Amino acid sequence: MHGTTLSRPRLVVVGNGMAGMRTVEEILAIAPGIFDITVFGAEPHPNYDRIMLSPLLAGEKRFEDIVLNDYDWYASNGIRLIAGEHVDWIDRARRIVRGAAGTEAPYDLLLLATGSSPFVLPIPGAELDGVQTFRSVADVGDMLATARSGAKAVVIGGGLLGLEAAHGLDLRGAEVTVIHLMPTLMERQLDASAAHLLKQNLEARGMTILTGTETAAFIGDDRVRAVRLKDGREIPTDLVVMAVGIRPNAGLARATGLECNRGVIVDDFLRTSDPAIFAIGECVEHDGKVFGLVAPIWEMARVAARAMTGTPGIGFTPAASVTRLKVSGVEMASAGAFLGDSGTEDIVLRDGARGTYRRLVLRENRIVGLVAIGDASDAAWHFQLLKDGTDIGEIRDSVIFGPLADGAADPDEAVLALPDGAEICGCNGVCKGTITRAIKAFGLASVDDVRARTKASSSCGSCTGQVEALLRAALGREYAPATVKPVCKCTGLDHGEVRRRIVGGKLKSIPAVMQALEWKTPDGCHVCRPALNFYLLCAWPGEYVDDAQSRFVNERMHANIQKDGTFSVVPRMWGGVTNARELRAIADVVDKFDIPEVKITGGQRIDMLGVKREDLPTVWRDLNAAGLVSGHAYGKALRTVKTCVGSEWCRFGTQNSTRMGIALEKMSWGSWHPHKVKMAVSGCPRNCAEASIKDFGVIATEAGWDLLVGGNGGIRLRGTDLLCKVTTEAEVLEYCAAFLQLYREEAHYLERTAPWIERVGLDYVKQAVVEDEDNRKALAARFLHAQTFAQADPWAMESAAAAGAKFTHVAELT
Amino acid sequence: MDAIMTDTGFVDVAALDDIPQRGARTVATAHGDVAIFRTGDDAVFALRDSCPHRGGKISHGIVHGHGVTCPLHNWVIALATGAAEGEAAASCVPRFPVRVAEGRVLLDVSAPLAPA
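From first to last, the protein sequence lines stand for chains A and B.
For the first sequence, this note's numbering gives the first residue as 1, with consecutive numbering after it.
For the second sequence, this note's numbering gives the first residue as 1, with consecutive numbering after it.
Extracted from the complex, chain B is given alone in its bound form:
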């Protein structure tokens, strides 16, 4: 995984301030929509915008701590791992490399990260 993840794969997608704290914005990609989350402590995560349960758009969920609650049926997804709280390990939301540099959000959608 690390071999694929080169610096050149990162693309500037937004300013950090475009994403509200405890909120998310989306990026359209070849892998489908990717949701970029910004937590209350300014951590940033990128996950596919689809709940493993019924495909709900988790970008619309309420962000709390380092988790998000899917708006459809209240599944809680851990942003750091993509795992659904209390669900089987298989129910993981794919994650993408994302980082913040000088107030800009850099996203790499060349390939999802390996499951945590």
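Next comes chain A alone, as it looks inside the complex:
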């Protein structure tokens, strides 16, 4: 050491706190190795984050978590750390620093970073045990020794530090009273309205807040047992924490003859009156001001490091800064002249239900001050406008709501700023740290991966945006978000997300969905409304009240509108089987209402075309009288079940396909679906019922039944896939119900089974319906439950109801 000290200038730092070590870091970044560095610290610890004392007190963090520079850092940077030795003398003439234990260190440059001390009220009893300050790890240890659950604690001082102490004690289960001299809490950061909200919030947590209250004395023999107020009241307590302010630790500097006032006086380059001595942080006074928040102190560290290493740079000017804090879990921000004066105007936004308040103070259309509490998410933007002196005249109407309208906000920032313990997914209780660790540990690359691994975002989905922000932060450009195809222009969400949120958010009406999912239009459009109506119907059978005005005309009128405005009527013929009574009733209806055309459909039914709107109710009534019901030929619903004559008549038939088809139709008629659903049952592999182009097809074999899915005979012909083979009719019914329910619950509205299966994969459907027996039974049970509400003939209901103007004109003015 002796040899090297001659070749390198020696830097001694007095004070091993945040300001001093930040300066050392800045120096190492500019000119590593330029100095031989020695650091004295009064506390027997490496440098830790004093701002984190509150979480340490609350038990949310351990000491290791709040260490900023561990011992290895000092060692690897060749820094000699003398921790736990208070410096009590500086010999400026010989340029030597001496510690209380006698350690001496010669210097060429000296940096004073001695910080500040908590102010102790000079009132009787201040010396009692149990009366303490809140400034260091040791203080936290003392508080924890007393503040167990049920203990009583009084915090003197309703500023930032006092409320942090109160919050930590509250989380430890102590019964906390805060005594504040001023009429409102945190008067240096908050206006009266914001302070009021903060007070309410703290009181709601069970704290007692006494503002405008002065402490007279602490009472006790050895140990404090009560606080006596000026008005004579006594508050029993086990612990008193004084947090009434700090003052610069300038005693050492003063004793060695450096120029001092409240703090050590420094110039713009943080140099004291001795050119070999710099000072930084809470111990200094610059331009008549002292400092207590980190932002200006970081700036000091930059300036001092440049000056000490001889690097050119501009001097220190305390820039306007925004104070963003989270006090007792309440977000807040303040900057500038937040109290306003007679020459300023205010814009105020309050949300009583959310407990938020923000206020912008304007002078001549420029923001000169701001305060926000409860939600400080836009404070950074408002502060930028303040700092830039932006004329906000043109956005004055909306500026209070933040930059979202301009798309300038970074919503990720809010998430990334959250601590690891912050809960992201409320439904499943997943916190941020769990998600970020899982992303790293398992190489998760998509929201679906995160859902599968952590359950976050897998229920109501309202945290999906936050999960995506975490993925973006972890993966950077590697993160390729799934491209979202919104349902329509009324929303940015896709079908799957909307469905997930309806179920997860227990949304049970169209207005509820539109409110919760922030629909961009007042009542949707022809694309989203029918989709939402179906999703709600599917999610809440028996509970959701169908909205006729959100259905396409065919489903609203229970008949197919034709191009001339007339309707076609198709009664159900179970499995394609009819009889003389039904045929006679149809013939009578055709005659009676002069129906121009009657046609046999491809689905083995009879279609009456050209029925006038006003005739529909009576046509239905006549058909109902013969036992005929709606065939739902007009709906995104179960249409036909086509069958062949099967083993009853056909020489090739192996099973009773007609009976099977009727059973399937009896089970599933009336069910609503994302799109139309057609089924068929063939009695042998010759497949006369064309089951292999149906949504659900059944082909009889000698051994049982082949179940086929996803066929389509439409524009894009698609043959079915084999789902599985089963042996009994009961199995056919159960698998069919399960398959239909899976399709109902998971397909997008207006997506037929064919494209749905191609999208999700046949294996997925097999897994859900065939391989997972419990799931199959649950799906089938849900289908049958829904059917108990769905199987009501709409024709009978409509024709029985007073024939409304739905089918006629409300007036005739001809």
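Just so you know, these hints were derived from the structure itself, not from any lab.
Careful: at least some of the hints might be erroneous.
Said to hold, decoys possible - Result set (DMTMM-like, lysine to aspartate or glutamate): computed pairs, CA atoms no more than 25 Å apart in a straight line: (1) A:Lys489 - B:Glu87; (2) A:Lys489 - B:Asp41; (3) A:Lys563 - B:Glu87.
All values derive from a computational prediction rather than experimental measurement.
Once you've looked at the hints, dock chain B against the given chain A.
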């Protein structure tokens, strides 16, 4: 146009509550069927019940905001103007004066309004 539109031309055709919100009912007139629309915010409009595209009955469409989507080919008609969204100005549905007084819908079908 205003000269023709006198108070005497208005006829009570229905109660407002006869028309569902986000729905329509029709009135038979000498100009053909007229559809009276009631929106989600209770605004009322009267337009000829015929889409300029293929004559679809717009009274059967889904009403959203102050518009209706024709059930035939999803043309969207602005109820306030009769204009078809994204189509030439000529494709306008004729409108008729309509107002609501004391819960009754009053319609004047003496002549369509001039195009907006």
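Starting from the hint list further up, note which numbers the structure goes against and sort them upward.
-> none
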